[in-house]
Structure formats: C-alpha cells, structure tokens
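Chains as they are written, first to last, in the working numbering: chain A, 468 to 641; chain B, 468 to 641.
Hints were generated in silico from the structure; no laboratory data involved.
For clarity, every value in this text was computed on a predicted model and none was experimentally measured.
Worth double-checking, as some hints may not be accurate.
It does not matter which identical chain is meant; a pair holds if it fits inside one copy or across any two.
Once the Cα atoms are required to be at most 30 Å apart in a straight line, the calculated DSSO-like pairs of lysine-lysine come out as [claimed, not checked]:
| # | residue 1 | residue 2 |
| --- | --- | --- |
| 1 | K625 | K563 |
| 2 | K620 | K563 |
| 3 | K620 | K490 |
| 4 | K620 | K527 |
Listed below are the residues making up each chain.
Protein chains: 2
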Amino acid sequence: MLFPETTLTATPPTKEPLTKDLKNMEVAIQQARLGFEEGGIPIGGALASRPKTSFSADGKLLGVGRNKRIQEGSPTKHGEIDCLENIGRLSALVYKGCTMYTTLSPCTMCSGAIVLFGIRRVVLGENTTFVGGEDILISRGVEIINLDLTECKELMIKFTEAAPEVWNEDIGEE
Amino acid sequence: MLFPETTLTATPPTKEPLTKDLKNMEVAIQQARLGFEEGGIPIGGALASRPKTSFSADGKLLGVGRNKRIQEGSPTKHGEIDCLENIGRLSALVYKGCTMYTTLSPCTMCSGAIVLFGIRRVVLGENTTFVGGEDILISRGVEIINLDLTECKELMIKFTEAAPEVWNEDIGEE
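Okay, chain A solo, but in the shape it has when bound:
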C-alpha cells in the first residue's frame, strides 16, 4: 500500500484536502521510481497550484521532475529544480499559490529555490534518510508537511546502499 494509514494519521496536512496532497505526492513518487529504473537517484518532485487560489480553482498539477545527475550528468537538476525547469517561466503570483511536492527533504539549493520563487508550502515524502534545508524554509515561513512515507525511504535506502559515492556527490559530501 502506497500510503499506510498509520503514517498519514501521524502527520496530517493541516490546510489542504489530504486526498489532493496524496495524489500529487504519488505523482512525485512515480518520478522517483522512474529515476530509479533509469539507474538514477530516486528523488521526484511535482508542483501543483493550491485549491482556491487566484491561479486555479481546483488545484492543478503544473509539472514534474526528477533527479538527473546520472541520466544527464547534471549536478543541479534535483527533483525540485528539474520540476521548476520543466515547467518554465512563471510569475511570482503563480508560485505563491503553489505547493511543492518532493519525495525527500529538499536540500539547501532546492529550499533556496522554493524561498526565491515564493512557494509557500512544501509537502515532503520523508526526511529520515536525509535532512536538507528545512531550517531555511522554516526561517522564511514556508509551511512544511512531512508525510513520512515508507516507500520513499525504501527507494532511497536501496539506492544509497548500492551507490553511496553517487549520493555523496549529490549532497556535496566527501
């Protein structure tokens, strides 16, 4: 089961329909799975407008992305950056009404991107295998919801045990 009930009960989102968050997170997880199948680092992202914003009345998926370090030799295309890049140029007004979904706690670069563009809400799959720049998000008033999903952790553990040097490279560790 993708979203075990016990996990969801532990950290319920507070302001948006849970079903919408789960649906969007599942899209991000599909990206992570696809990345894994490609031999890449299994982290996925998705950006969706929040319900009842000026941009969209019903919460629209704007785009997805995944870590491309291995697939494209890219040091900066993390799940979130690839997602923002795939979507292309947007105005601040649109970002403001969006939630970023990411299967893993966003690193300092991705957290900085979220802050830069004024995205006010982040839903993450887990922050057990890695904690990124959540302090940066919190200091800028970004809402963080951790779904603490077993599947996200398992994908990361599978990859990092098989290729620890690639993961270290991705997070700037020696």
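Keeping the supplied structure of chain A fixed, place chain B upon it in accordance with the hints.
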C-alpha cells in the same frame, strides 16, 4: 577602467591573490555582458579552484555561466547555477577548493547551491542593486568578498530599468 582602485581598496580580499580574483571576476563580467547583448539578464558566474588546493596548484578556471531566463526560458539557470551545470559533475573535494565568482549577490537558490556543494568562498561583483541569500552563506561559514564594482551595478540598472517585470520574475517578486 574595469576595476577602479578606490573600490578595490575599500574591500580587499583577505586570503587569495587579488590579481587572481580580479581576473576571474572579469571572466564572470564577460558572461554578464554577453547575456546583456543576447537580451538577457546581465548576471554572470565563474567557478575557479583556489591556488594551492589539492585540486590545482595554481588556481584553474573550471567553467562559466550566465543567467538564461530569456535566452532559454529557464527559471533556474541563474549565473551560478548555469556555471555549475556547464561544468558538470564534480566531487565534494573539488568544490571545497573552489571560489564562486558572481557579478551579483547570489539569490537564495544559488546561495543554497554554494552551501550544498561545500564551496567555501564567494567573490561577488556588487550587492547594491540586489541582496540575495548572503545570510545563508554567512550562517554556513562561507567567506564573502564584495568587490563593489561599478560596471556590475551599471549593467543591472540598465537592464532592470528597461525590463523591470523580467527582473521581478527572476527574483520571485510580483
């Protein structure tokens, strides 16, 4: 004159030969100028290894980049991100021995990238027209040297006066 003596006297770098910093900053400024000629946002970046590191004995230029929002419709290719992307995958050990040169105070995304990859030193052209995530850099112990260069400011003023809406989009302002 590219580097007025008075400016350099005001904020001298502390640990590296000044001539090397000026040479590398000039490369970043060339990128900013090129971006401006292309009709783009005139911000450039360059990454160079520091003298006497394990990676290079004499300070080697690893690569350059420039803001590509207009040229490629890219929301994430700021000068520094484009530079890192153009260089490609590097190990943490190499980044650790590098200085990032950027014509403008790095935004939160680019500051987060500098922190993520463990780049320990940033030389910037100016922070008068915009202040990015310098607080993030400082909180992580990254050394910042501001050359406070008139040419960098003039390029930015010329662009932002001509296309304020594009600049606002680049920094997530409405």
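For K620 vs K563, is the C-alpha pair at or below 30 Å within one copy, between two copies, both, or neither? Both, since 29 Å and 29 Å are each at most 30 Å.
Are the CA atoms of K620 and K527 at most 30 Å apart within a copy, between copies, both, or neither? Within one copy, since 27 Å is at most 30 Å while 39 Å is not.
With identical chains, the pair K625 and K563 could be close in the same copy or across copies; at 30 Å between alpha carbons, which is it: within, between, both, or neither? between (35 Å within a copy, 28 Å between copies)
Up to 30 Å CA-CA - K490 versus K620, copy category: This pair counts as within: shortest intra-copy Cα distance 18 Å, inter-copy 46 Å.
The structure meets every hint from the earlier list without exception.
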